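If you read the protein sequences in the order shown, they are chains A and B.
If you read the first sequence in UniProt numbering, its first letter stands for residue 1, the second for the next number, and so on.
If you read the second sequence in UniProt numbering, its first letter stands for residue 1, the second for the next number, and so on.
Hints listed in this document are in silico derivations from the structure and should not be mistaken for laboratory results.
Please read these numbers as outputs of a predicted model, since none were measured by experiment.
Incorrect hints may appear among the rest.
It does not matter which identical chain is meant; a pair holds if it fits inside one copy or across any two.
As the list claims (entries may be wrong) - Below, computed lysine to aspartate or glutamate pairings styled on EDC-like, alpha-carbon distance capped at 20 Å:
#1 Lys139 <-> Asp107
#2 Lys16 <-> Glu100
#3 Lys16 <-> Glu302
#4 Lys191 <-> Glu231
#5 Lys191 <-> Glu33
#6 Lys16 <-> Glu252
#7 Lys139 <-> Glu315
#8 Lys49 <-> Glu300
#9 Lys49 <-> Glu252
#10 Lys16 <-> Asp92
Here is what each chain is made of, one letter per residue.
There are 2 protein chains.
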Amino acid sequence: MTDRCSDLGERELVRKITEILGIGERDDCAMVEDGDGWLVWTTDILHRKSDFPGIATGWQIGWMAVAVNLSDVAAMGAAPLGLLIAAAIPQDAEVAFAEEIFRGMNDCARRYSTRVLGGDLDSFDELALSGTALGWVEKDLVLRRRGARPGDLLCTTGTLGSAGAGLRVALEAEGRGEMEIGDPDLRALTKRLLLPSPRMEEGRALALSGAATSMMDNSDGLALSLFDLAEAGGVGFLVWEDQIPVDPLVSEVAEGRDDALALALYTGGDFELVFTVRPDLIDRARQACDFAVIGRVLEEREIFIEADGVRRRMEPRGYQHMKTPKPARLHRSFSSPPQK
Amino acid sequence: MTDRCSDLGERELVRKITEILGIGERDDCAMVEDGDGWLVWTTDILHRKSDFPGIATGWQIGWMAVAVNLSDVAAMGAAPLGLLIAAAIPQDAEVAFAEEIFRGMNDCARRYSTRVLGGDLDSFDELALSGTALGWVEKDLVLRRRGARPGDLLCTTGTLGSAGAGLRVALEAEGRGEMEIGDPDLRALTKRLLLPSPRMEEGRALALSGAATSMMDNSDGLALSLFDLAEAGGVGFLVWEDQIPVDPLVSEVAEGRDDALALALYTGGDFELVFTVRPDLIDRARQACDFAVIGRVLEEREIFIEADGVRRRMEPRGYQHMKTPKPARLHRSFSSPPQK
């Protein structure tokens, strides 16, 4: 029998690909040496079926395509140098819709002090936007997935679960044939999903603080990010359940406390930064940006979550952040060790 | 009536997009200032329907995705720093086929002294590969689309028409349900289409020679490249028909001399470099690489082709380098003026 990609599963396929390409360690960006710094460089491809719910406007779609790439630059502690976007737009799309997409891109890039410098235009049957972002960070300040040391504090920016809850709201509205969300709280949740705010200022300030020891964005959800950070750093984590900053609005959607927690742990799309901080420098980190301390780094290579004095193992699962017709959606970034 | 992208046409849509993004001049790559040089940076998205004929192997598909991006870096006179690839692979694709794609990418990158440093993996219904390549060139050596001066000599590397003829061979084979081309000459033509050789060494050597005044690759065909160079430089061209280096193999496929010439002028996919050279430095350029002198730069903003002493205007048309079910295929790269 012939092996199909869907049989193999995403992680195993990425393992094969990175082996072929000679890529070892993975970070949110690839790194290219540039004088006394690193060029950090990422690409993310999004498409209609998996990434843009029906209620998303053209402007929101454009914003998202830029935001998800900038988030990877932020996760390295880098300042952005610009973006390119390859846009595959269906030929029967309305011109006004296409223009809105590019306005959304432009507005997102400029909001974060950078620009879309160019790209490629093609037509596909399915709308797809493939972005690439470039950034720069000083060699001694770069933040990578590896670097956490036992005893470091585990931290996250912002609140969690909003995008997952927002997706639930969006899919339910779509199911009812509604294109707008009337309730302001529910609309706020869908905005967290559709208009991610990459943590550019926070990522850069944390790098400049010198207090953080490792970092990545939580685009695949907090749980999977912790598994990636643990693997890269050869460490483990203890997460304090009651310290996880679940977005209070999530309770409007979740079916009870456990469901809200699941949205915060296993939902992709929040685009917050997850990082570790040297305990003696926690005050310096607090001067860089607001964040929550949600746990600490363990020497033992296990990830536990603790509630009411009871520890259980965290599950290595990530929310499939968009429903797809097939179960085993592949979506995984891979990048290389530093290149000279 | 609502305007659709297909009604508007590709050039007008790109004009709108570049206006929204604030992009003025166009080059093969966007440019980001980097010390005493420029980072040059491009993205190209390819997909099954328009870019990969049925006879293409996975390895060839991967090679092509890397080669087309490197060609843009070559066209700026830059040395490559690396590539990223966002790959959207159908879930029912065979694992062996997916692996071949990445082997082709890896082999092409390494052939041209660079590497695929990372990427993104997703699954689409249609196979799509979105690449991005980064390069570096000294500020005083960069070659752009603008720069040609009246009297400069117009030149091209390699031979022309091969990819167009190769496409004809490939489509005819596909029509007959054949997956392999038996005749060695015809197979050589399809290889020019399926395994483009980006002119990395030539582009870099021409930049280092200091003899070239403007350059781009001919990915959309010689004719369209000349219109782009003319527009960027505010000049015109006189092309000597009998000096155009039509690939001799093209005659195996073309219906007579005019058809062979049309394949050389209006066919995309050859990935040669078209450039202008100061006439007093032509010997220095010849030390950089092999090329043909095919005409000269005019002050008058017109593009003529001359045969037997008779001048006619060149048509601004580019061969649609892959057949698509719809006529108005959009495919156009756009990039920005230099960014500091």
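Structure-based check of all given hints:
{"no.": "1", "hint": "Lys139 <-> Asp107", "result": "neither (30 Å within a copy, 30 Å between copies)"}
{"no.": "2", "hint": "Lys16 <-> Glu100", "result": "between (38 Å within a copy, 11 Å between copies)"}
{"no.": "3", "hint": "Lys16 <-> Glu302", "result": "neither (25 Å within a copy, 53 Å between copies)"}
{"no.": "4", "hint": "Lys191 <-> Glu231", "result": "neither (32 Å within a copy, 43 Å between copies)"}
{"no.": "5", "hint": "Lys191 <-> Glu33", "result": "neither (37 Å within a copy, 35 Å between copies)"}
{"no.": "6", "hint": "Lys16 <-> Glu252", "result": "neither (42 Å within a copy, 41 Å between copies)"}
{"no.": "7", "hint": "Lys139 <-> Glu315", "result": "neither (34 Å within a copy, 52 Å between copies)"}
{"no.": "8", "hint": "Lys49 <-> Glu300", "result": "neither (40 Å within a copy, 50 Å between copies)"}
{"no.": "9", "hint": "Lys49 <-> Glu252", "result": "neither (26 Å within a copy, 45 Å between copies)"}
{"no.": "10", "hint": "Lys16 <-> Asp92", "result": "between (37 Å within a copy, 17 Å between copies)"}
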